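Enquirer: Here are the chains, one letter per residue:
There are 2 protein chains.
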Amino acid sequence: MLTKAPHLFDDATSVAAGDSRWTGATSDDYWAFVGPFGGVTAATMLRAILEHPQRAGDPLSLTVNFCALIAQGPFDLDVRLIKANRSTQHWSVELTQGGDDVATFATAVFAVRRPSWSYQPAQHLPATPFGQTRPYPKSGLGMSWVKQYDFRFVEGEPQFGGSPHLTPASAFSRLWIGDTKPRPVDVLSLMSMSDAFFGRIFHVRNEFVPFGTVSLTTYFHTDADDLAAEDISHVLAVADARIFHKRYGDQNGELWSPNGRLLATTTQIAYFKA
Amino acid sequence: MLTKAPHLFDDATSVAAGDSRWTGATSDDYWAFVGPFGGVTAATMLRAILEHPQRAGDPLSLTVNFCALIAQGPFDLDVRLIKANRSTQHWSVELTQGGDDVATFATAVFAVRRPSWSYQPAQHLPATPFGQTRPYPKSGLGMSWVKQYDFRFVEGEPQFGGSPHLTPASAFSRLWIGDTKPRPVDVLSLMSMSDAFFGRIFHVRNEFVPFGTVSLTTYFHTDADDLAAEDISHVLAVADARIFHKRYGDQNGELWSPNGRLLATTTQIAYFKA
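Same order as they appear, the protein sequences are chains A and B. Going letter by letter, the first sequence gives residues 1 to 274 in the numbering used here. Going letter by letter, the second sequence gives residues 1 to 274 in the numbering used here.
Keep in mind that the hints were calculated from the coordinates and are not lab data. From a predicted model like this one, the values you see are computed outputs, not experimental measurements. Treat the hints with care, as some may be off.
Identical copies go unnamed one by one, so any copy, or any two together, can satisfy a pair.
[Unchecked claim] Straight-line Cα separation of at most 16 Å, EDC-like style, residue types lysine to aspartate or glutamate; simulated pairs:
| hint | residue 1 | residue 2 |
| --- | --- | --- |
| 1 | Lys138 | Asp240 |
| 2 | Lys147 | Asp28 |
| 3 | Lys83 | Asp186 |
| 4 | Lys138 | Glu157 |
| 5 | Lys83 | Asp101 |
Working from the sequences, and respecting the hints, build out all of it.
Expert: Written as structure tokens, this is what we have:
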């Protein structure tokens with residue numbers, strides 16, 4: 001008899017081991033417009049490396065290229081250790097379905113993080129604490145993945161449903177992000193949360209337009225020990241955009257611990273039709 | 001008889017076509033501490049895709065993972081079109097030497113950019129014009145690649161040679177970057193210039209420490225037509241860092257045309273020993 005994982009997120013990102021060929025499946029609980037939520041796809045690919053017997057160290061960077069739509073159902077993950085040395089590993093993961101072309105392609109760097117000089121020039125602005133910030137009402141948003149997250153905007157909360165903005169609004173947001181059913185933040189949830197911002201273009205135009213992430217890169221600035229010491233179930237997330245031009249726009253973001261530690265930084269380039 | 005390309009940069013990034021296997025060679029003109037300047041390696045890998053007969057559209061993103069040192073001499077480039085649809089292409093390029101393991105691994109997205117709504121929320125601060133900004137004296141820097149660029153700091157010029165800073169200095173710089181022998185800015189030079197910032201840790205600590213880029217991602221916000229219309233030979237470059245921790249630090253940057261257009265954005269994670 002199948003036992004469900006204790007959290008939907010762990011269920012959604014679960015993988016089964018092969019030699020180099022691993023398997024997974026899309027989750028109806030984390031579904032977006034026309035395919036799985038990209039953050040969970042990215043986290044699933046990261047999990048396949050994390051659970052690989054040859055893995056050493058913690059994720060340092062993950063880049064995911066979304067090449068084609070992923071259909072509802074099972075997929076194969078071709079996990080390859082490209083190069084390893086004493087303290088770093090370079091991996092690639094190809095996601096395919098039914099022997100078709102690659103639908104998603106990821107490259108990752110893992111590293112054994114050693115003690116060093118440490119300095120964090122970046123600081124986050126003071127924010128209303130999570131417990132005192134109003135949860136974002138998601139009743140108007142049909143996508144299931146949105147329901148799995150507890151978004152609490154400190155700044156830049158969108159007001160979808162009105163008329164589109166005639167002059168562009170700000171692309172900047174600051175918000176708390178946690179799992180709706182609280183789950184300790186680990187590298188997998190950081191990976192997923194780094195793609196959990198609403199498309200910047202929705203904020204700027206105050207309307208939904210066809211949109212899809214094309215390439216996503218996230219850097220991890222903590223190792224597993226650092227993250228365990230934080231012992232948190234939500235992050236303060238910051239996102240902004242710099243340009244929308246000829247069907248593509250960027251997004252850059254930061255994920256902070258409530259204690260003021262920068263956990264991860266992320267950037268993506270996304271398609272839009274407007 | 002071999003004819004040298006008209007510009008050292010074109011010579012350094014030249015590739016010879018095969019079917020999927022292309023060849024290139026390191027350039028003594030663009031050498032860094034212990035291997036080739038990463039920007040030129042990235043540009044060479046990008047050129048192999050650009051000159052590939054199946055290539056369609058312009059580069060949208062390039063991620064390069066530096067897996068191992070590249071030795072002086074020739075290398076092979078295994079160029080693979082992972083997935084293509086009507087308007088985008090996903091590529092990978094593996095750089096190997098003498099049949100050894102992969103030394104550098106790149107993934108790229110190309111796109112046919114079509115007209116759309118266009119909006120650039122980001123603006124750059126006013127800067128002293130290129131012609132009125134003092135060229136950075138490079139006499140103390142032995143690396144050949146540095147000689148190929150004309151750096152002119154508007155803000156944050158480093159003063160290497162003094163004693164290391166006891167309290168960290170700013171990681172932020174704004175500077176003009178052009179080729180020392182002027183060359184029109186194209187996607188290849190944008191790619192290279194996106195890695196042409198001095199390591200942020202050198203600025204912050206005012207000393208050279210062991211340093212190497214591990215993963216670099218650059219997004220292009222212009223297509224070839226946009227860039228040709230700019231008709232420029234230098235860019236205004238902005239770079240900053242957010243964290244240095246357990247041997248790794250980040251960098252993020254922007255490359256602007258003198259006319260105020262955002263041409264490319266870039267981020268990287270780099271190893272340091274300090």
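Enquirer: Hints first: check each against the structure and report whether it holds.
Expert: Right, here's what the structure says about each hint:
For a Cα distance limit of 16 Å, the shortest separation of Lys138 from Asp240 qualifies neither inside one copy, at 21 Å, nor across copies, at 36 Å. With identical chains, the CA atoms of Lys147 and Asp28 are at most 16 Å apart within one copy only, with a shortest distance of 12 Å there and 55 Å across copies. Taking identical chains as interchangeable, the C-alpha atoms of Lys83 and Asp186 are never at most 16 Å apart, the minima being 25 Å within one chain and 32 Å between chains. Only within a single protomer do Lys138 and Glu157 lie at most 16 Å apart by alpha-carbon distance; the minimum there is 12 Å, versus 48 Å between protomers.
For the identical chains of this complex, Lys83 and Asp101 are inter-copy neighbours only, at 7 Å across copies versus 24 Å inside a copy, given an alpha-carbon limit of 16 Å.
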